[in-house]
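Engineer: One letter stands for each residue in the lines below.
There are 2 protein chains.
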Amino acid sequence: MKPAPIDYDTVREMLRTATPDRILRFIGKSHPADIALLFKGLEPIEVRQLFDILFSSRRADKTLKELPPELLPDILELIDDEKVGRLIVRADPDDAVTFIDSLPEERRERVLALLDPERQAAVREIINYPEGTVGRIMTTEFMALSPDTTAQGAIDKIRERGELETFFYLYVVDEAGVPIRNLVIAPPNRKLSEMMIADPVKANVFTDQEEAARLVSRYELLALPIVDEAGRLEGIITVDDVIDIINEESTEDMYKMAGLAEEDRVFTPISRSVKMRLPWTILNLLTASLAASVVGLFEGTLHEIIALVTFMPVIAGVGGNGATQTATVIIRAIALGELEFASAWKAIVKQVSVNICIALAAGGMIALAAVLWKGSPFLGLVLAVAMIFNLGLMAGFAGAVIPLLLKALKFDPALGSGIIVTGLTDAFGFLSFLGLATYFRRYLT
Amino acid sequence: MKPAPIDYDTVREMLRTATPDRILRFIGKSHPADIALLFKGLEPIEVRQLFDILFSSRRADKTLKELPPELLPDILELIDDEKVGRLIVRADPDDAVTFIDSLPEERRERVLALLDPERQAAVREIINYPEGTVGRIMTTEFMALSPDTTAQGAIDKIRERGELETFFYLYVVDEAGVPIRNLVIAPPNRKLSEMMIADPVKANVFTDQEEAARLVSRYELLALPIVDEAGRLEGIITVDDVIDIINEESTEDMYKMAGLAEEDRVFTPISRSVKMRLPWTILNLLTASLAASVVGLFEGTLHEIIALVTFMPVIAGVGGNGATQTATVIIRAIALGELEFASAWKAIVKQVSVNICIALAAGGMIALAAVLWKGSPFLGLVLAVAMIFNLGLMAGFAGAVIPLLLKALKFDPALGSGIIVTGLTDAFGFLSFLGLATYFRRYLT
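Sequence lines, in order, name chains A and B. Each number in this note's numbering corresponds to the 1-based position in the first sequence with 2 added. Each number in this note's numbering corresponds to the 1-based position in the second sequence with 2 added.
In case anyone wonders, no lab produced these hints; they're calculated from the structure. Source: prediction; values computed, not measured. Backbone N, C-alpha and C define an ideal beta-carbon position, used for all residues, glycine too. There is no bait here: all hints are sound.
Covered stretches of chain B (chain A as the covering partner; in silico rule of three or more C-beta atoms under 8 angstroms from a C-beta of chain A):
#: 1; stretch: 248 to 257
#: 2; stretch: 264 to 272
#: 3; stretch: 286 to 300
#: 4; stretch: 330 to 337
Just chain A, same shape as in the assembly (with noise of 0.2 angstroms):
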């Protein structure tokens, strides 16, 4: 079904051995995603073979831009600038604008300076725009005709550009659109004008890149138009683009929850996934430390009734997996579009609910399991207690709540949210737990 792989070991084998023109023939015939795959696990020596064979039959940017964002640095690390500035130079604007974005700062200006000056001003104007925004993703590639053109007069306009792969709809000029497919039953004499779909669906330079796939997706478009401030048409983005979008937000989503750089993928090199995670790391000693001082606060109870500390972990355990998953309904709900502020209370009202009839049921379990184990009904209460305390209370509110903060002040709402939560379900399972053991000490004992 799907495409045969291309062998690997063969095109390395190739790489040693064959000519240039033959290797071509070998993997020439595959779709550039699965070249892109080929430079996975080569020798630095064989990626700049790989690329100047690509190069020079101009496939390089096309199979370039297929790579994993986190690959490519590597690659043109090993490609000198000259060639680095042709290639960017002959990709689509949006794929120049990936290439130098993964290139180090100091090299950036270096191959910059290399290309002519209009191509020049073009891709700084790109790389001006804020990452995340659709203006720094869109292609400035696209076609805006009149309205008074008919039919006909834009099939031939589409024959003349030769290309018409990237294109879904024909723009009339900063105001509508036509599905290119609709010229295909339209008489050649209508206009534009009588086939276009009147104020579209639309989007701004400076929109979230995130909002834009949710309008494409919402909407089920193929493109969208990107307008500037002044409502002239500056570029599209395509359902190709909200696709790879769409990845890239849910991992990133994922991977912020848990304290991850987007960059630290399953093949990064060690040294700089290091690096990337250490930060969360030194943050999640400071949240577990929290916990820690709330503990060494009850050291003398826990002295007196030794029994208690096998359960701690039970409580704090439960109380982190609860808020984990209230987080991340929450979290999930926000980059779907389905929560907005002004449900917000309602929703942490639920979660906090859900998490309420759960606790007494893990509360009844764990109060049972003190009294059959320990044969202690008290030990069982301030357990049952502390459990709807963590899990109910804690757990509910502060999954809820921690995203939804985020948000509001402008971070990504799943920012650490992970390692905030679980933080505090640890620290305040330990005070309610410990807290109303010290309180009913003396039943206790």
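Go by the hints and put chain B onto chain A.
Structural biologist: Just chain B now, with coordinates in the frame of chain A:
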């Protein structure tokens, strides 16, 4: 930029006072995706009214299919069998299946029995495909022509069919595809056989929908042909289906990691959320009990050196988060098709290495804290070694292996992985920390 949302309060007011015609004029120009959102907060009687208005203007099917999946069952419950039957007849086959799926088992048969035999057979054929396969969600409305058809002949056929909306490619019987856009610039007499994409990427009816989405995304297709076991074209998956699949699968991954059922959305009724989360909470109680029983083994040591108890949450918390990070990286890589079993070993080694480096740093910090705070270098050493065991070895290993193991066992790689890996790191963290402390107890007192 984005279409103004329909004012919710106005609609509720109109449902009380205005005629159906006026209401229809008010909401009629909006996109079905926006109309669908109105259903979210209506009372049962208003739901029925709004449904009837949409139904009488043949817009109910297009609107209801836009609803978030967790809301559909409650709305269909309010509509009588006969109308649901007619809704299903009018809907596209793939939407019809969505509606059928949202009915409770016993009602499903009752409603199916109302359909004419031909339609009934068509729906039954689709719902016989297992959930999660493309057969179940493909649209069976596509155009297949013989290779001898000319470009003009194809255009005539398209005109005849009238509706063009879901067509991106013409399929040349069972073999190849012609992008409809290409008809625009083709000379009228050119045959489809000269324009077609021979041997296009395709999928089988039993292909996992996630795999189909990966193909569309990787090869930047607008539609993917779906064939049966004999290679006959049975349907297509379009790019807007793919966006839905990707969103759904991303939700699923995040949800499964935290131990959440997919239907457990932000506004799912409380009782249903509780019922779905409870089994996971019980699993969580069990994994937490494992950690608890490990702690129970060391009550003697803890009683003797109560200061140890303060550091327990740090070893467990940081280990748990490290394992969650690793599991997230692996789960995401599997989901995006970046990690296969062939490179699993390499991925495990890499993740463990990263975790060991981080554990060295975190162990150093916690040791320093122990020295400064408790004045005990031995305690510091024990903590550092326990951190390396738990965060370095266990978190890295379990975080990488559990998702791969789940996949090898044909489960979803994310399934409960958050709960499992944090349970393991809790237990192993206590075992290594308290085990080491017990062994070296004479240096610690």
